[in-house]
Amino acid sequence: DVKVTQSSRYLVKRTGEKVFLECVQDMDHENMFWYRQDPGLGLRLIYFSYDVKMKEKGDIPEGYSVSREKKERFSLILESASTNQTSMYLCASSWTTDTQYFGPGTRLTVL
Amino acid sequence: GESVGLHLPTLSVQEGDNSIINCAYSNSASDYFIWYKQESGKGPQFIIDIRSNMDKRQGQRVTVLLNKTVKHLSLQIAATQPGDSAVYFCAESGGAGNMLTFGGGTRLMVKP
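Respectively, the protein sequence lines represent chains X and V.
Take 199 as the starting number for the first sequence in our numbering and just add one per residue.
Take 2 as the starting number for the second sequence in our numbering and just add one per residue.
Don't read these hints as lab results, they were simulated from the structure.
Wrong hints could be hidden among the right ones.
Each computed BS3-like pair below joins lysine-lysine, with the alpha-carbon atoms no more than 30 Å apart [unchecked claim]: (1) X:Lys211 - X:Lys251; (2) X:Lys201 - X:Lys211; (3) X:Lys268 - X:Lys251; (4) V:Lys43 - V:Lys57; (5) X:Lys268 - X:Lys201; (6) X:Lys216 - X:Lys268; (7) V:Lys72 - V:Lys57; (8) X:Lys216 - X:Lys255; (9) X:Lys201 - V:Lys43; (10) X:Lys216 - X:Lys201; (11) X:Lys268 - X:Lys255; (12) X:Lys211 - V:Lys43; (13) X:Lys211 - X:Lys268; (14) X:Lys255 - V:Lys72; (15) X:Lys251 - X:Lys216; (16) X:Lys201 - V:Lys57; (17) X:Lys255 - V:Lys57; (18) V:Lys43 - X:Lys251; (19) V:Lys112 - V:Lys57; (20) X:Lys253 - V:Lys43; (21) V:Lys57 - X:Lys269; (22) X:Lys253 - X:Lys216; (23) X:Lys269 - X:Lys255; (24) X:Lys216 - V:Lys43; (25) X:Lys211 - X:Lys255; (26) X:Lys211 - X:Lys253; (27) X:Lys255 - X:Lys201; (28) X:Lys268 - V:Lys43.
Same shape as in the complex, but just chain X:
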């Protein structure tokens, strides 16, 4: 079975803090994705990566950056967290851009 893990299930941070969300997959997938999920807005793509050290902006990259130093690990960084970044963050990975397998999610609250 594909396993995608995320470093934290719940996270509480203060406005202005730098936040790191880590994602690891164990299936040697080329592609990795970061989404945020908000009520009424569904899943929105923040960034994705199709190879080590490669990254592409998704639909809502503002306020976020990413890092992919190793194939199995994709990090989402909030340089200066703001309250409107309170959300559920979901990481996914895939062989192609078709079937994506998701991690359990990190519920981030920014106070």
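Position chain V against the provided structure of chain X, taking the given hints into account.
Just chain V now, kept in the frame of chain X:
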């Protein structure tokens, strides 16, 4: 899939009945479709997929039907169980290099 606004459509069924969850898509070039199940507080879980060269695919207790003519996808769950209670959403892809586009989801509630 279509955005459904602030409130998810809800389907309420009796335990043991069959459930049908629908999804409309707009991109006629989409050739790959997936259904995901998301339980409260968890990440989406892959259920079943179908390519556009098929109109039906069956899994364990689940069947996906694809009608390309009207751009409609459905997920049928046989003998619905309390553990099936979740939000279900569809996703579509237009082919190699195209990203998945996700629908807004339908909440399935199973009454014991």
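Right, here's what the structure says about each hint:
Using a Cα cut-off of 30 Å, the hinted pair Lys211 of chain X and Lys251 of chain X holds, with the two alpha carbons roughly 27 Å apart. For the hint linking Lys201 of chain X to Lys211 of chain X, the alpha-carbon distance of about 27 Å falls within 30 Å, and the restraint holds. About 8 Å separates the Cα atoms of Lys268 of chain X and Lys251 of chain X, which keeps this hinted pair within 30 Å; it holds. Restraint check for Lys43 of chain V and Lys57 of chain V: satisfied, since their Cα atoms lie roughly 28 Å apart, inside the 30 Å limit.
Proposed proximity of Lys268 of chain X and Lys201 of chain X is supported: the alpha carbons are some 16 Å apart, at most 30 Å. This hinted pair checks out: Lys216 of chain X and Lys268 of chain X have alpha carbons roughly 21 Å apart, not beyond 30 Å. Between the alpha carbons of Lys72 of chain V and Lys57 of chain V the distance comes to roughly 14 Å, so the proposed pair stays at or under 30 Å and holds. Taking the CA atoms of Lys216 of chain X and Lys255 of chain X, the gap is about 20 Å. The hint holds against a cut of 30 Å.
Our distance criterion of 30 Å between C-alpha atoms is met by Lys201 of chain X and Lys43 of chain V, whose separation comes to about 14 Å. For the given pair, Lys216 of chain X sits about 27 Å from Lys201 of chain X by alpha-carbon distance, which is consistent with the 30 Å threshold. Proximity of Lys268 of chain X to Lys255 of chain X is assessed by CA-CA distance (about 19 Å); at most 30 Å being required, the pair is judged to hold. For the hint pairing Lys211 of chain X with Lys43 of chain V, the CA-to-CA distance comes to about 21 Å; that is within 30 Å, so the pair holds.
Distance check on the hinted pair: Lys211 of chain X and Lys268 of chain X sit about 26 Å apart at the alpha-carbon level, within 30 Å; holds. Distance check on the hinted pair: Lys255 of chain X and Lys72 of chain V sit about 29 Å apart at the alpha-carbon level, within 30 Å; holds. With a CA separation close to 21 Å, the supplied pair Lys251 of chain X and Lys216 of chain X stays within the 30 Å bound. Taking the CA atoms of Lys201 of chain X and Lys57 of chain V, the gap is near 28 Å; set against the 30 Å cutoff, the hint holds.
Distance check on the hinted pair: Lys255 of chain X and Lys57 of chain V sit about 35 Å apart at the alpha-carbon level, beyond 30 Å; violated. Among the hinted pairs, Lys43 of chain V with Lys251 of chain X is consistent with the structure: their alpha-carbon atoms are about 28 Å apart, no more than 30 Å. About 28 Å separates the Cα atoms of Lys112 of chain V and Lys57 of chain V, which keeps this hinted pair within 30 Å; it holds. For the hint pairing Lys253 of chain X with Lys43 of chain V, the CA-to-CA distance comes to about 26 Å; that is within 30 Å, so the pair holds.
Using a Cα cut-off of 30 Å, the hinted pair Lys57 of chain V and Lys269 of chain X is violated, with the two alpha carbons roughly 35 Å apart. Note on Lys253 of chain X and Lys216 of chain X: the hinted pairing holds, with a Cα-Cα distance of about 20 Å set against a maximum of 30 Å. For the hint linking Lys269 of chain X to Lys255 of chain X, the alpha-carbon distance of about 18 Å falls within 30 Å, and the restraint holds. At roughly 24 Å between alpha-carbon atoms, Lys216 of chain X and Lys43 of chain V fall within 30 Å of each other, so this suggested pair holds.
Annotation: proposed proximity of Lys211 of chain X to Lys255 of chain X holds, straight-line Cα distance about 24 Å (limit 30 Å). Distance restraint check for Lys211 of chain X and Lys253 of chain X: the Cα-Cα separation of roughly 26 Å lies within the 30 Å cut-off, and the hinted pair is therefore satisfied. With a CA separation close to 24 Å, the supplied pair Lys255 of chain X and Lys201 of chain X stays within the 30 Å bound. With a CA separation close to 25 Å, the supplied pair Lys268 of chain X and Lys43 of chain V stays within the 30 Å bound.
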